[in-house]
Amino acid sequence: MSQSLLDGQAEAAPGPARPLDPRTPSPAGRVTGLRQALRFVLRRPGLLLSVVVLVLVVLAAFRPELFTSQDPLKGVPSQNFRGPSGSHWFGTDELGRDVFSRVVHGAQLSLKATLIAVLVAFVVGGLLGVVAGFTGRWVDDVLMRFVDILLSIPALFLSLAMVTALGYGTVKVAVAVGIASVASFARVARAEVLRVRQAVFVEAARSSGARWYSMLARHVLPNAAGPVVVLATLDLGSSILAVSALSFLGYGAPPPAPEWGTLISDGRNYLSNAWWLTALPGLAVAATVLATNRVARALDGERGRRP
Amino acid sequence: MRRYVIKRLAQAVGVLWAAYTVSFLVLDFLPGDPVSAMAGAGMDSGQVDPARIAALRHEYGFDKPVLAQYADHLGRALRGDFGDAVSTGRPVTATLADALPQTLRLTGAALLLAAVLGGGLAVLATYTSRRWLRQLLLSLPPLGVSVPTFWVGLLLVEAFSFRLHWFPAFGNDGLRGLVLPALTLAIPTGAQVAQVLAKSLLTALDQAYVETARAKGAGRWRVHLRHALRNASLPALTVVGLLVGQLIAGSVVVETVFSRDGLGRVTAAAVTAQDIPLVQGVVVFGALIFVSVNLIVDLVYPLLDPRIVVASDRRAGIA
Amino acid sequence: MRALPSFGPTRRSSLTALLATGLLLTACGSGGDGSGGASGPARSGGTLTFAVGSDSGCVDPQQVGSNDTIYSVRQIVDSLTDQNPKTGKIVPWLAKSWEVSSDAKTFTFHLRSGVTFSDGSELTAQVVKDNFDAVPKLGALGTLAEGYLSGLESTTVVDPLTVKVTFEQSNAQFLQATSTHSLGIESSASVQRTPQQKCADGVIGSGPFVLKQYVQNQSITLARRTGYDWGSALWSKKGAAYLDKVVFKVVPESGVRSGSLQSGQVDAIGSVGRADEAALKGGQVTLQSRANPGVVFGLGLNNARPLLKDARVRRAIVAAVDRKQIADTVFPTGTRPATSVLAHTTPDWTDLSADLALDTAKAKSLLDAAGWKTGSDGIRAKGGKKLRLTITWFPNAATNQPALELVQQQLKAVGIDVVLKQLQVSQFSTTVQTGDYEVVWTNVTRSDPDILRSSFSTRLTNFYHLPAGSLDSVLAAQAATTDTATRAELVGQAQKLLVQNAYYVPVVELQTQLGVAKKVHGLAFDSGSRVQLHDTWIG
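Protein chains in written order, with the UniProt record's numbering: chain A, 1 to 307; chain B, 1 to 319; chain C, 1 to 539.
Hints in this document: simulated from the structure, not taken from any laboratory.
Worth double-checking, as some hints may not be accurate.
[What the hints assert, rightly or not] Label-pair restraints from in silico Cβ distances:
1) A:G167 x C:L358: 34 to 40 Å
2) C:K385 x A:G167: 20 to 26 Å
3) B:L9 x C:Q433: 35 to 41 Å
For clarity, every value in this text was computed on a predicted model and none was experimentally measured.
No residue lacks a Cβ here, since even glycine has one placed at the ideal position from N, Cα and C.
Sequences and hints are given; from them, build the entire structure.
Here it is as structure tokens:
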């Protein structure tokens, strides 16, 4: 939700356009780029920490067994409601399951949902934007009007409407969240395509008789992709939040699936006797979003604008 | 000026109509057939009695052609009739109207808090000459947009209701009951206000007129507030519509966390019950709020900054 | 309580005995009825705030089946009789006396005079007739009340204050049924409205409180009925109730309910689970608990589904459930694992714990025999189809989800994959009525074993789609007999048939546990473990 606001700003601010690069970067450039990136990250401890957190979360999503050997779905009922300790870092829940293990395994579900959401937004929004920007005329008008309408419905309401229509489940929630951010992607993609289209080398390619699809594939898309990719990374954080909010409201996977939002909402039943059931999974969500946003900002501003 | 107003009004109406259409498309024509959803309440569709589906389809007019249904629904929506909520049998409009005042109180308080907290933070962060303070203040908004609101709400309940007994943990009782939910709702919004405002304040402080004011001998604080802030708030004003929309939508989570009566809780219950007319009413209402706030901003804006009428086309985009 | 009950001396004696046998021992944890430390004389006035977990979407006592809502709507209506929660004895309320024919077919009630409804109309025999005539037409939501009146031949007005109810067959359970909220008497004006209207707007009753406001899923507000003077013989206070107002608030999370009780934001809370006990003990709170009679919590199987038509699968489920683990982990201290379809506090309960013992080996061999072979993921399959059960449940108690997650784990251990499907409390009736479920988590509270007939007879609603058979005749026979010993025998037989055929999977008894602030006094359980607020006061 927070995203659309900043995009609007980004788009509204005319500012000096980024330089266009008609060539693809050379391999040598890539190596120095990597070294530069490393130096860039090392100079910023907050960013470094964020990168570490992100790597851990992604690792947890794909290889949860690296972090915990305890079963996220089955516990020892007689050992329920144990506070955080050496054997249970995040304590145990009402059925004696290890909460840390549930959070770790939950990363898989929640990140999967987030990636699907961003992918939906990226593909659908990007497609709308590219078609609108590249075709122009009435197609552009119609598509952009449609995008404006999507923007006028608060994102969460749009997601909720989708959930009502589609039903519950991790993937459905993900699609609902993705659809809600289609509009911002469409706008950015269109703006980029328009910007690139008017560039000198594209004009040159056109006047030299290049086919529209080769122009699109060779010049327009590679050059327009950057800001859309940055938007996608910026969108990750808010998508994690939106996905977990919907699963908090109870629209995610049914129990015993340990989605992050579900963990917090289940813990709410025990708020007065087991604080760790809400506090610690929430901390994991907050840390992940914070790290994602920090890295995305670095990609967007600090590195992109001041190379 | 009159042409400007008329144009804005027409745009607003157009967007509303379109929002209605979009919600109609989403809710009535997506693969998840609303009728089998209602009949089976989400069970595997193979096990739902076909006769019951047919009866329900007829009852809700789903057996008519799409366009006829749409025209029928739109016609009634124009007269403020969004049908009856499936789960309660009460008219959607009345249900929303009953729930609205509580939510307006909540979102109003949250907007105020967000403006005060976010604005204050931005002003202070750009004013202070202490580097560490500026760093600290500027690191808060990114934190504010990263924490899940429902989690913040629960932590506040845990601390201020259960441990300190300062504020009630749930319900709509008076001003005291408003504090925690409004604060919860205000955090992400306030963080965004702070981000936008800090950015435009910094831009404004670089502008020529600020230099001029300084050269004329105006005090630093005065320059900051009178000149820079005034100009910096104008761009911030354009996102108010978006923020209000977010706050209204955010009430779904916050009212659920605090078990507060209001639009948000009605919405959550409607989605859970797959109450399509009610959800549609909520979606259109959300768009209505967004469009109206933007309309007001658009109409007030020229009064604050007369250049805008001439340049209004540049800002077209959102109605 | 001016008119003393004129107990018909001989004609009813066998029936009274029948209804009073071995009833409802109050299996109390702490608290008992009433409150903790008594202090000072009772005071009138004040508002009681009571947080409950759910709203059933209906405020008509005749149609509500969910405890959280019964707590409030019970206060709006009076019943013809009341039942002593300790002894099970039926005592006068709106009826000052009654006669029951020896064949238990005809029930004659003599009404109190001077009783008025809150709309000013008077209670007459005609009003009672109007009620009983309307109840069978309530439809989907009123099945409980309809079941009590099944086989009703006629209700006749003998004189303005005497009403005679006649059944086609003997109907031993009816006298107890008149004490339930389901047969609470509503004004003629209310009775004439449609069931939907009654649900949405509430009803006019003659009870100690009137419905002031109902906001769906949020709150139910009751106000004291001034001039009330016809309370149940069981109540200690004469005249109107102590409390000015009672506000029932819907707070779905048990953690928030107990936190708010501790912080003093509410005065009483419903559905306290084991998790909250530790936090609530010791503070300014008393825990009151009482075992509910009736059909225990369990898995209501849709016996018409192909998968569940196979008795071996049903028996395997029964054998795979570890009842003790569920009772000990999730439910309030003192809750008993199910030992029959009926709770042990129901009259004529039979101990069948041997048939309900955990036996995973038996469960596995039954499933093997039924052709369900274990796959690589540990889930059984037959002909490429996974052994998957969908359990539909409703969030009307905080204990439901954790209990079902344990059931899910336990069934997975024998190779059954369980999907938990949550619906809204207001969807309960339609789901069960239409059979749109495979397995449903449910229970019914009633202090008469005839609840077995209401729940399982194929001649009535047949919620669980049982095949017609010998069970039906046993259930009919127990309802028709007036002989205590014969009835006990028949009820025992019915329980055996149900358990051995595994038509229903008993899991755990319901023990209602309330958390009540110490300043609240006289908050008492009625015979169905719901609350009675007439005698409640705040000190």
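Discussion item. If I claimed the Cβ atoms of L9 of chain B and Q433 of chain C lie 35 to 41 Å apart, would that claim hold in this structure?
Written reply: Since L9 of chain B and Q433 of chain C have Cβ atoms about 50 Å apart, the given range 35 to 41 Å is violated.
If I claimed the Cβ atoms of G167 of chain A and L358 of chain C lie 34 to 40 Å apart, would that claim hold in this structure? Given a distance of about 35 Å, which is inside 34 to 40 Å, the answer is holds.
- Determine whether the Cβ-Cβ distance between K385 of chain C and G167 of chain A falls within the hinted range of 20 to 26 Å. holds, 22 Å
Violated hint for the displayed structure: number 3, the only one.
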